[in-house]
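S.K.: Go by the hints and put chains X, Y and W onto chain B.
Number of protein chains: 4
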Amino acid sequence: MIRVAVAGASGYMGRFHDLDPEWLAGVADVVFFALPHMESQKAVPVLCGHGGRAIDLSADYRLHDADDYVTWYKAPHTDLPGLAEAVYGLPELHRKAIAPASLVASPGCYPAGAVLATAPLLRSGLARLDGIVIDGKSGITGAGAQGRKIDPMYLFTEANENVQAYGIAAHRHTPEIEQELSALAGAPLRVAFTPHLLPLNRGLFTTASVPLATALTTSRLLDVYREFYAGEPFVRVLDAGERPTTRAVVGSNYCDVTVVADPRTGRAVCVSAIDNLGKGGAANGVQNLNVMCGWSERTGLEAPPVYP
Amino acid sequence: MIRVAVAGASGYMGRFHDLDPEWLAGVADVVFFALPHMESQKAVPVLCGHGGRAIDLSADYRLHDADDYVTWYKAPHTDLPGLAEAVYGLPELHRKAIAPASLVASPGCYPAGAVLATAPLLRSGLARLDGIVIDGKSGITGAGAQGRKIDPMYLFTEANENVQAYGIAAHRHTPEIEQELSALAGAPLRVAFTPHLLPLNRGLFTTASVPLATALTTSRLLDVYREFYAGEPFVRVLDAGERPTTRAVVGSNYCDVTVVADPRTGRAVCVSAIDNLGKGGAANGVQNLNVMCGWSERTGLEAPPVYP
Amino acid sequence: MIRVAVAGASGYMGRFHDLDPEWLAGVADVVFFALPHMESQKAVPVLCGHGGRAIDLSADYRLHDADDYVTWYKAPHTDLPGLAEAVYGLPELHRKAIAPASLVASPGCYPAGAVLATAPLLRSGLARLDGIVIDGKSGITGAGAQGRKIDPMYLFTEANENVQAYGIAAHRHTPEIEQELSALAGAPLRVAFTPHLLPLNRGLFTTASVPLATALTTSRLLDVYREFYAGEPFVRVLDAGERPTTRAVVGSNYCDVTVVADPRTGRAVCVSAIDNLGKGGAANGVQNLNVMCGWSERTGLEAPPVYP
Amino acid sequence: MIRVAVAGASGYMGRFHDLDPEWLAGVADVVFFALPHMESQKAVPVLCGHGGRAIDLSADYRLHDADDYVTWYKAPHTDLPGLAEAVYGLPELHRKAIAPASLVASPGCYPAGAVLATAPLLRSGLARLDGIVIDGKSGITGAGAQGRKIDPMYLFTEANENVQAYGIAAHRHTPEIEQELSALAGAPLRVAFTPHLLPLNRGLFTTASVPLATALTTSRLLDVYREFYAGEPFVRVLDAGERPTTRAVVGSNYCDVTVVADPRTGRAVCVSAIDNLGKGGAANGVQNLNVMCGWSERTGLEAPPVYP
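Protein chains in written order, with my numbering: chain B, 1 to 308; chain X, 309 to 616; chain Y, 617 to 924; chain W, 925 to 1232.
Honestly, the hints are just simulated from the structure, not real lab data. Incorrect hints may appear among the rest.
Unchecked claim - Here are the computed distance ranges between Cβ atoms for each label pair:
#: 1; chain 1: Y; residue 1: Trp-639; chain 2: B; residue 2: Asp-223; range: 40 to 46 Å
#: 2; chain 1: X; residue 1: Thr-607; chain 2: W; residue 2: Leu-943; range: 33 to 39 Å
#: 3; chain 1: W; residue 1: Leu-943; chain 2: X; residue 2: Cys-601; range: 43 to 49 Å
#: 4; chain 1: W; residue 1: Ile-926; chain 2: X; residue 2: Met-346; range: 52 to 58 Å
#: 5; chain 1: B; residue 1: Ala-99; chain 2: X; residue 2: Asp-375; range: 56 to 62 Å
#: 6; chain 1: X; residue 1: Ala-538; chain 2: B; residue 2: Asp-223; range: 35 to 41 Å
#: 7; chain 1: W; residue 1: Pro-1228; chain 2: X; residue 2: Cys-601; range: 51 to 57 Å
#: 8; chain 1: B; residue 1: Ala-213; chain 2: X; residue 2: Ala-538; range: 49 to 55 Å
Note that the coordinates shown come from a computational prediction; the quantities given were computed from them, not determined experimentally. Positions of the beta carbon are idealized from the N, C-alpha and C atoms, including for glycine.
Just chain B, same shape as in the assembly (with noise of 0.2 Å):
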């Protein structure tokens, strides 16, 4: 018997236990926690230390590089052991890593969007790395807390029938994407990443240009992605002419994806629908949960999408 535990934030569902990474390492094998960045970093090395396994859903533990972390989250990181032991927790890149790791980093929901709609196409070497431009559009609920924040801007009257960009040219996910793509290019890269709130629930909607080195077809470009994707339990890779919507994958861990080629610029346009909360979040953690246990990486994630 495998013991899972979630370590979160004391919030508006009441408070069970202290917050005690040592406690937990006693009663757990697993711990998932859910907790703002900078306070996984204090709470997953306790855990670490006493033999406890950590899958770590905020932003400590994503990026490899910790001048990165202090770039982008304005802070030093406090468990450097902890990030360079930590494994990108997107089983598709990483699954081999994953299975015997004892800390996973759940990928944030705009890097997983845009890296699963872009993968195939980094790691072929048909694409050319400078230009890329990436376009995230979220629902409300992947403005942190289930959309709870107190914040005017996601007051309903405020975010329905609206659309408007955010965080430009300064994201936080914008390295977690760029060290993911890097690796699978082989060289680093920069991608203009830009995000978007709509007006759904849920739902994250990548778009993504890439410039291709060679000229290619949209046929010979869903060969690469089927090939990439072949065998994945949560990826689908639609046909020429099928388009991915938010509303297929909501409520799951899939991700639909599909690509097609533009003679006339030279570039392809990659694009991908996850639900922020599913493949975006904590479905997301329940396959790393999965491939860590040796499960089948379906269990507890057969429910079908909610549709309509």
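M.R.: Frame of chain B, contents of chains X, Y and W only:
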């Protein structure tokens, strides 16, 4: 006294008079044509041939190049003289030509948003012309006939709580954007344009990523925008830190724009918010009428945005 | 092993087998019929005549009185024996009759919400039967076929940001509500029922105003409700001060109810929240299946509501 | 020239001048007070004492009976002379008294909708006064301060895709409705009123069920309504078969109403649709201003509804 008429397809509002452009030329000085493309190019030359002036809201007279029309609309244009004579009806760019014109082609909604978001930068010579990526996000009324098209995609239960890209690498507004931006830049350019459908009635948000020819600050870019739009009655350049939102312009002819430099990628992020039925549609048509008649451009467009 | 089938009209999902109820009786033990009314009464008797058991989701077998059928559906019923035999498929009221039934008529969405909101009060003898007013509020999927009906009323741009009543004093779910409430009260009664269409995908909220025969407190009424629903797996009686919301039940078979005494008017306000596709639709049908097969009533209905 | 001012609580729009009603009396002839209740009754008597005229948008002067105020607002009223003098600001009922008034209390949003839906029937003597049930459904801006209240209930992710009743048997707009309907009927009456919160920005729909004293047809009831509202600039009585929708009035001061006889229950269903910020709020206040100043009642209220 100037007499104005609107000529539309007979629809659910009833038919008041058979569509007879010759008759219209006798009873009206300026006629709005709200017909499907391919229909406008039949009616407009009759009206103009009888001395009438036309503001065409269809796509028929927006592209100057008849070959472009064939490429994107899959049919030859039957009024080449009209096409040659038509003025692109964006007053911020073509006010002087619109004033005396007998045929004005009011822009598509996506081009209105995309061109206003990027025009100052392209005119300034500060942009590189290769690698421009534009992401358009439209409310459902953008989908023709106030979204009354009978297609499952536009049903509430399909569009609500959903986001999707469509017309990927193939949307007909693309050449319109390229035509206007090329003219501003003084050199041919192509854009990678992807439109999206969002769950709101009105509102069109544009996010454009434009490579910079040289390192520039946001402040410097904003100066360029403020100078370009100085005196414009309907374009509001927001300050650094302010963000356009569609909510702030819905129900009006306003276009809110801003620009942010991204020194990490050597690009600028240019964003605009319009009402697709306002600056992206009928209200912009009324502004054209005002220019053509020598009236104050605010005539009939004084109502403030409806907020919230 | 019990074999279960679903028989629906050929639709956009493709046709798997011609609708042949005799064949179905051979391959399935229980068949869900998801046909339009008037169609079900043709197919169901064939299935039952060949020994099959049916759960009918249409309106064809809900009314016990054939004259009521004619009055509200404007056509004679062609399967009077089936009508006489059918059991109204609300397990909270008719569990014992459902278990052995060969034909179960799953309720309409409004009746499910209205009956569950008021049943304890009417059964208790504490209500006056004259002057009951019921207001139903439904999401757009309530409008048939998951709202895929091709009618402008269901278009996003018509339904979004809109509220309206429809079928005023004429909705076909009215006699269904009256039949069940009359049976509970032991005397014929009529209800003034008005349905409304609201801008959400799923969710049905019922507000019923029931005159009280005597002065009662909210606390006393809640005791009546708790006793009536004791042990029910899917009805949750909320405490005084708690309010049902459709959000708390969407995606599930739950029905949240509560009741408030209004001593000023001598009435009780009875409210319920269901998912019109859950307890008001297919999920309730599955609960019927479980009862008919002697399975745990939660089988296949364990997924929690999707929140938010 | 008549000088008009608006006095509000200092809010996010900045403070232009300390709230000083004595000073206001010197600089303005008519002052709108947009203050919380309890605050208005402090400021208004000072203004009126110095010869100013007030249009109060709070709840402070709507109830004629000071005891009712204590009962529903849990505090004594501190300006009893003002309370005695105030005119209820619904021009359709009190135009003659509003014209010369020095203090006009603009109605709450629910009362505006409920009273306009039922006034003709209650004035006609055709209704029974016992057993009136009124169901109000409001967009989120109805929830105070354009919904900018910092309460989780008003967050997008809580309010979106949700319906709920609130203030059951306890909403403060109830006595306001009863006061006006009692006056119309010429006898005291009580209403069972339940408000609801719906996922839209603006719009308030009222469904009232009123017992009839005698059997009447829809046609006869509509005649009563048309006669009652003859000449009203902002009330539109819809024909049999037409249904009010909030969409048709949003952004305007219009109130669409209709009535349907229900011979089965001996009741009438009276429905109305208003914009809670229009006829249910500020626009109705402007209509009061027009009446008080002898201007056309349409002054400043000419903008058509924004549709869709």
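S.K.: Does the structure break any of the earlier hints, and which numbers would those be?
M.R.: 6, 7 and 8
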